[in-house]
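Novice: If you read the protein sequences in the order shown, they are chains A and B.
Last residue of the first sequence: 457 in my numbering, with the numbers rising by one and none dropped.
Last residue of the second sequence: 457 in my numbering, with the numbers rising by one and none dropped.
No lab work stands behind these hints, which were simulated from the structure alone.
Please note: incorrect hints may appear among the correct ones.
One copy or any two copies: either way a pair holds, since identical chains are not told apart in the list.
Mimicking DMTMM-like on lysine to aspartate or glutamate, the simulated pairs with C-alpha atoms at most 20 Å apart in a straight line are [claimed, not checked]: (1) Lys370 <-> Glu444; (2) Lys278 <-> Asp361; (3) Lys417 <-> Glu442; (4) Lys336 <-> Glu123.
Protein chains: 2
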Amino acid sequence: MSRYLLPSLASLAPYVPGEQPQDRRYIKLNTNESPFPPSPKAQAKAAEALKRLQLYPDPDGMSLVSAMAERLGLSPDQVLLCNGSDEILDQAFMAFCDGTHPAVFPDISYGFYKVFAEFHGVPYREIPLRADFSICPEDYFGAEGMIVIANPNAPTGLALKSSEIEEILMHNPKRVVVIDEAYIDFGGASAVPLIVQYDNLLVTQTFSKSRSMAGARLGMGFACKALIDDLKKVKYSTNPYNVNAMTLAAGLGAWEDEAYTRANVKAIRENREETEKALRDLGFETTDSRTNFLFARHPGIGGEALYQALKAKGVLVRHFSAPRINDSIRVTVGSKEEMEAFVRAVREVLEAQ
Amino acid sequence: MSRYLLPSLASLAPYVPGEQPQDRRYIKLNTNESPFPPSPKAQAKAAEALKRLQLYPDPDGMSLVSAMAERLGLSPDQVLLCNGSDEILDQAFMAFCDGTHPAVFPDISYGFYKVFAEFHGVPYREIPLRADFSICPEDYFGAEGMIVIANPNAPTGLALKSSEIEEILMHNPKRVVVIDEAYIDFGGASAVPLIVQYDNLLVTQTFSKSRSMAGARLGMGFACKALIDDLKKVKYSTNPYNVNAMTLAAGLGAWEDEAYTRANVKAIRENREETEKALRDLGFETTDSRTNFLFARHPGIGGEALYQALKAKGVLVRHFSAPRINDSIRVTVGSKEEMEAFVRAVREVLEAQ
Chain A
105 MSRYLLPSLA
115 SLAPYVPGEQ
125 PQDRRYIKLN
135 TNESPFPPSP
145 KAQAKAAEAL
155 KRLQLYPDPD
165 GMSLVSAMAE
175 RLGLSPDQVL
185 LCNGSDEILD
195 QAFMAFCDGT
205 HPAVFPDISY
215 GFYKVFAEFH
225 GVPYREIPLR
235 ADFSICPEDY
245 FGAEGMIVIA
255 NPNAPTGLAL
265 KSSEIEEILM
275 HNPKRVVVID
285 EAYIDFGGAS
295 AVPLIVQYDN
305 LLVTQTFSKS
315 RSMAGARLGM
325 GFACKALIDD
335 LKKVKYSTNP
345 YNVNAMTLAA
355 GLGAWEDEAY
365 TRANVKAIRE
375 NREETEKALR
385 DLGFETTDSR
395 TNFLFARHPG
405 IGGEALYQAL
415 KAKGVLVRHF
425 SAPRINDSIR
435 VTVGSKEEME
445 AFVRAVREVL
455 EAQ
Chain B
105 MSRYLLPSLA
115 SLAPYVPGEQ
125 PQDRRYIKLN
135 TNESPFPPSP
145 KAQAKAAEAL
155 KRLQLYPDPD
165 GMSLVSAMAE
175 RLGLSPDQVL
185 LCNGSDEILD
195 QAFMAFCDGT
205 HPAVFPDISY
215 GFYKVFAEFH
225 GVPYREIPLR
235 ADFSICPEDY
245 FGAEGMIVIA
255 NPNAPTGLAL
265 KSSEIEEILM
275 HNPKRVVVID
285 EAYIDFGGAS
295 AVPLIVQYDN
305 LLVTQTFSKS
315 RSMAGARLGM
325 GFACKALIDD
335 LKKVKYSTNP
345 YNVNAMTLAA
355 GLGAWEDEAY
365 TRANVKAIRE
375 NREETEKALR
385 DLGFETTDSR
395 TNFLFARHPG
405 IGGEALYQAL
415 KAKGVLVRHF
425 SAPRINDSIR
435 VTVGSKEEME
445 AFVRAVREVL
455 EAQ
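Isolated chain A (complex conformation):
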């Protein structure tokens, strides 16, 4: 920290991304990446785009925006691209929250919501999940600020129904409701169709998970034109050329290759179910995950101990030290081979107890 840093930022605790170790090869099940490479069509389009990098990208990414709008039955001015969905969440905090415009979100959810709030000086309230880790929609009725809900939620993996999202929207006409659908393709029901009815709804999604493009940094937001215009104001006041030309091209290729995405999602769901069954057979409790990860705890070993023991065996999973979830691990669903290796490693750890 320098002596020039704003005093208001001095005590901040920034977000800590999952480990990206460079020292040894792990079976890497800690950051919810896809085990599959990006679509060949995405690769081919990026390979073309990289030859013309001397030119700025289209700041609006209209080719991709139009393709998305067409498939989703939206108009292009209801779609905004971003440099990963973290960026559009940050933009939402900047557009709709400040020291007198608070935010609310679940106490157990994506850890970045709290970081955004603290960084931007936004008062926030964390609403506890139920004991079974589910979100109680009524808790969000008449909220005192912008609502941010991950659906399905992370790291719990649990999803709300569309009707529950709609109830939250109906009961908050004065508040923006952000539904973070990073994991929606693995089993949840998207809130995108609700955009035409609710002018307070912002849905965010990403190419990082189901479309195997975490390395490309591409996310998107869907909302009524007025909300998208607000976010564009933030974008054009901070970093207009936020999505690079290779990523725009790859994104279009991936979007057009929906069959590839569906096939990968199907494989991951199958691997998820098999792994979940194996974990339950080993005595784990698991949540009903609708994502590309499993959230599991074992009565015989703590989350931290299990994480460390697996890491020693070359399998990287994620452990969170927050109360209520520190006895669990979050395990990305990878390939069939990776999940078999993971289950083998877990069995060895339990047997050595």
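For this one, chain A is given, so just place chain B on it according to the hints.
Specialist: Frame of chain A; chain B shown alone:
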């Protein structure tokens, strides 16, 4: 604008990027892009990286950071990568300025400084350039806030000497001094060597101009470790994975292919000199540009009229409507053929007057 947008943002005027017309082919000399494709080494590395996009990028980009640090005689913790240098400038405003920590910059400079300040609610003072468009270093001694100076300046093209930058640094021990070196490779003297002496200096650079990578979105900042740590705090509180894997790879290829960059810079400087001479022969006044653009005015035609007339002929240049410079145009220095076509078009416009 929605009814949810923060009142403080309602009247903002965001940055307006140069036109990126999709409707017809122009000789595009309006956004200071390079006429040359990216280095073959940059292309090859990006082509490899796009096959593994399913994995998140290294958020610190250590391979590229280390390569930069080594060549510049810095330590890796004195280097920070960003999603275009706009982003690191935005981060600097967030780290060092707020409602009670102002900023100062020249009245005629990169238009985004004012946008950053207004967006973040930062009071700012614009210090007038001298009548000849040069910056008077003494005007910045004992400044009341963070200083931001583009060197060479845009759209004037004029550069300060290293000794003048150093005087500004010496006279502002309590202020961060940001030197925006987007155009430094075309003729200015970089302030990077001053980093070891001045803990208040942040130098920003970009791969968009001399390295033909505007489409990839890659910039970087150089400063003492403490200032870089401050900016990392902002990065890790807003968008940690801000630079994608293809761009990191391309950046390393471009950085390693310094001979390619130098050859392109040499060609652009030669084209700049020839074009400048041709413009002077046609009666233009030009500044002593140390950049990849020319800033020129003609006593016989206004800037707006010239811009429009050239656009009608298929040549796109940039015109700014701000006072003092609205009689001028800014012309990117492109290839020899492009500049010959530009001069031909200018001659025709003048003859038709």
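Novice: Could you work out which earlier hints the structure fails to respect and list their numbers in ascending sequence?
Specialist: 2
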